[in-house]
Amino acid sequence: MLHEIVTQGFLFPNEIEVLWSLMIVLYPYITGLVAGAFIVSSLYHVFGKEELKPVAKFSLVAAFAFLMFACTPLLFHLGHPERAFNIMFTPHFYSAMSGFGYIYSFYLIVVLLEIWFVFRPDIIARAKSSTGIMKALYWVLALGSMDDSEEALHIDHKITLVLAAIGIPSACTLHGYVGFLFGSLKSNPWWSTPLMPVIFLMSAIVSGIAILIVSYYIVMVIKKQPVDNKCLKSMYDFLWGFFIIDLTLELLNELASIYAQTQSYSIIAQLTEHRLQFSYEILQLGICSAIPLVVLGFVSLKTMSDTLRNRLGLICSALILIQVLAMRWNVVVGGQLFSKSLRGLTSYMPTFLGREGILVAVILFTMPFVVMYVFNLILPLFENKGDEAQG
Amino acid sequence: MVTSRRDFLKQAGWTVLGGGLMASFVELPASKAHASSGDRTHLYAYVVDTHKCIGCGKCGEACRAENKVPDEFYRTWIERYTIYADGHVDVDSPHGGEKGATPIKKAHIDRSFFVPKLCNHCKEPNCVQVCPVGATYVSRQGVVLVDEKHCVGCGYCIQACPYGARFINPKTHVADKCTWCYHRVLKGLKPACVTVCPVGARQFGKVNDPNDPVGKLIKEARLQVLKPEMGNQPMVFYNGLDKEVR
Amino acid sequence: MNHTSHIIRFAVVLVAVIAGFFILRGFLVPDSFGVQGDYKYGYHRGASDAEQAALPALYTGSKKCAQCHAAETAEWQAGKHAGVECETCHGNWQAHNNNTKDKAGKDSSIEACLLCHGEVEARPADFPQIADMKKHVEDGGGAYEKGMLCVACHSAHSPQQ
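Chains as they are written, first to last, in the working numbering: chain A, 152 to 542; chain B, 30 to 275; chain C, -7 to 153.
So that you can see chain A by itself, here it is in the shape it has in the complex (with noise of 0.2 Å):
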């Protein structure tokens, strides 16, 4: 099962073992996935697209169940991970790294913040009905506050308001960052443009989308409940307009690449064409761009019956989550394949087993959802439409 490494061309000998591995592909991608689920939170509760509301809690909780896990790929990856937190110990701020670890950190308390607020009518309502230890959890998680009287909500919703206000920023920035820390080594020609934590931040925010669409019908079909065609529609055009503005920047950037030509044109040139062809030019710039380009725009502009726009609508959030993945890859790993020599190519596979390895990154993709599921179990992630007709 062990992948030979191919060499082609001379590299410098500390280069033929690629370094970034698999769980460096997976960690900008889980990061920008926080950042476009909570966007789409945010479109509700900041820009009061009022038919968002049906995934406005489904959002939230996913990036905070993406945000728990956005960090663990790099502690499988670190060489000490039990050093981990001399980065926000002891931190080098000249370093675009550095700041991890508190841009993180403020994320969380924000989306934490937030979700407790949104949820704690919620958290109330289940404290008084329920009993036994379960009632405990609720008091505890209510911080033994039960006050839901309507003064207290309002304030509540102003917080929110507030918070979301200052999540999107911070969504941008944690994102945006990400792409900052590739765009800003100078010694890396694949990486190293402005125009980096851009494009980073685009592809984030469309994933999160694709990726809210595609879970939230998976969701509504084992409830075995009607999806609200209206809330999809309106994610479908988002992730329609942000996807242009992705796929736009990047085609820039090959473009300008290709136009300017500079020392490590030949180099790249070789890298795209027997590297990564296939994860590169037939993925990311090919079959997963053009369909969702085209076929989106189809499903934000033309009328048709809620079923063909939703099996569209989700064909294309499919095939954007690969381009997006495939980008991450392209990014990561592309940027490791070539020497700085500029002279020759190495090559990597991930392994399936291994502390890098594809398992642990399939388990560690999963995890989010078990979070999820987790925390329906305790409070209610979609506004059942059955207790309201009840109630």
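Heads up, a few of these hints could be off.
Said to hold, decoys possible - Taking lysine to aspartate or glutamate and the DMTMM-like style, the derived pairs with C-alpha atoms no more than 25 Å apart in a straight line are:
hint, chain 1, residue 1, chain 2, residue 2
1, A, Lys279, A, Glu302
2, A, Lys337, B, Glu153
3, C, Lys32, B, Glu249
Stated by the list, open to error - From the derived model, a few chain C residues whose C-beta atoms are all more than 10 Å from chain B:
hint, residue
4, Leu16
5, Leu47
6, Ser101
7, Gly134
8, Lys138
9, Ala144
10, His146
Stated by the list, open to error - Ranges of calculated distance between the beta carbons of each label pair, as one might list FRET restraints:
hint, chain 1, residue 1, chain 2, residue 2, range
11, C, Arg1, B, His71, 52 to 58 Å
12, C, Ser101, B, Arg140, 26 to 32 Å
13, A, Ala316, C, Leu6, 15 to 21 Å
14, B, Glu249, A, Phe429, 52 to 58 Å
15, A, Ile373, C, Phe19, 24 to 30 Å
16, C, Asp30, A, Leu406, 37 to 43 Å
No lab work stands behind these hints, which were simulated from the structure alone. Using N, Cα and C, we set each Cβ at its ideal position, and we do this for glycine too.
With chain A held as given, fit chains B and C onto it using these hints.
Positioned in the frame of chain A, the structure of chains B and C alone reads:
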């Protein structure tokens, strides 16, 4: 309007709290600043003469022994460039050049030469700039070092180094690189690679000492550095660098 | 009625967590951590410098060898290998110090000489190189035998003879 005043107070409270937090972030670096004082100077320089190198690989061997460098990773290595008459450029460095060089067919070769490589101990090292935890730094003598007890092993410095001089040590799981034999240099010895070089292709000395051959070379000879466009200002200087060398 | 008690509670929890972080940090950051020179390049654990400086030096240079191998050193100094340190050929002093009986460092094989003297295009043209042992011996006016060593004619320490 009692509520709104309360509201305002609350907001103000948050703002103060947030501000305080921000302030403490900024203070973080300084809060424990009682390490040894003293300014940094770039005391040393290293000169590689590519015209002299015979590619015997003794330097790599000595470096490995002196610094316990793990197999298949290199603190220093020797590249061989061969430029053929048809313009084709061939670069190789089998085992980092440590086992010497094998002869190649002479035909159609325009020129061929060895280029020893090592950490450039730059004046503006971007590997140090990007370290998130302060585990790599420039010592008071201007030597770029890694603190293996503090490094988290993220590998960012390795990505940042334009010269491929760094690697993750598979035994210690932290970043590792040439230290110019810091432990030797401070004892008045030369780095191990310089000590064993049979032909003087590797030289090490003090920049500002006019009696030091290296100090003199840096002043008088027309030397180049690798990838000057990176702006890192290497302190390893090369004599006879070819345009093909990167 | 006061409707902000829950907010205060949350704030207390939050402040406690943040305070906990800073207290923990106070304990866990090494004492010598700080800035030396400038924050950009000098932010580190101060004790690290001394730790690295204290590592043992394995290669000591020819002066050390001269203490016990005066004859070889004298011969070496007079010859064309005077620019080549003893340890370049014999390995580092520390390994020798651990075991003087170890003869691994004394390699008189042809390959040991050819590592430097074998003909390689990339070597400087003025460096003495041998392309072919047989031809070299015959050029020198000798008779070539299989398994002949360079040290049969040249002294390893003073090789011009």
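Looking only at beta-carbon atoms, does the pair arginine 1/C, histidine 71/B fall within the given range of 52 to 58 Å? Holds: the Cβ-Cβ distance is about 55 Å, inside 52 to 58 Å.
Would the least Cβ to Cβ distance between lysine 138/C and chain B come out above 10 Å? holds (21 Å)
C-beta pair isoleucine 373/A, phenylalanine 19/C: status relative to the range 24 to 30 Å that was hinted: Violated: the Cβ-Cβ distance is about 47 Å, outside 24 to 30 Å.
Report holds if the minimum CB distance from alanine 144/C to chain B is greater than 10 Å, and violated otherwise. With a cut-off of 10 Å, alanine 144/C remains clear of chain B, as the shortest Cβ separation is near 22 Å.
37 to 43 Å was suggested as the range; check whether the CB atoms of aspartate 30/C and leucine 406/A agree with it. Holds, since aspartate 30/C and leucine 406/A (Cβ atoms, about 40 Å apart) stay within the stated range.
Confirm or reject: glycine 134/C is not an interface residue toward chain B, with every Cβ-Cβ distance exceeding 10 Å. Given that every Cβ of chain B is farther than 10 Å from that of glycine 134/C, nearest at about 23 Å, it holds.
Can we trust that serine 101/C is non-interface, i.e. its beta-carbon lies farther than 10 Å from all of chain B? holds (13 Å)
Over 10 Å from every CB of chain B: does histidine 146/C meet that, or does the non-interface label fail? Holds, since 15 Å exceeds 10 Å.
Are all beta-carbon distances from leucine 16/C to chain B longer than 10 Å? The claim holds: leucine 16/C sits with its nearest Cβ about 13 Å from chain B, beyond 10 Å.
Evaluate the condition: distance from the CB of leucine 47/C to the nearest CB of chain B exceeds 10 Å. Incorrect as stated: the minimum Cβ-Cβ distance to chain B is 4 Å, not above 10 Å.
If I claimed the Cβ atoms of serine 101/C and arginine 140/B lie 26 to 32 Å apart, would that claim hold in this structure? holds (31 Å)
Is the hinted pair lysine 32/C and glutamate 249/B satisfied, with a Cα-Cα distance of at most 25 Å? violated (31 Å)
Violated hints, in rising order: 3, 5 and 15; the structure is consistent with all others.
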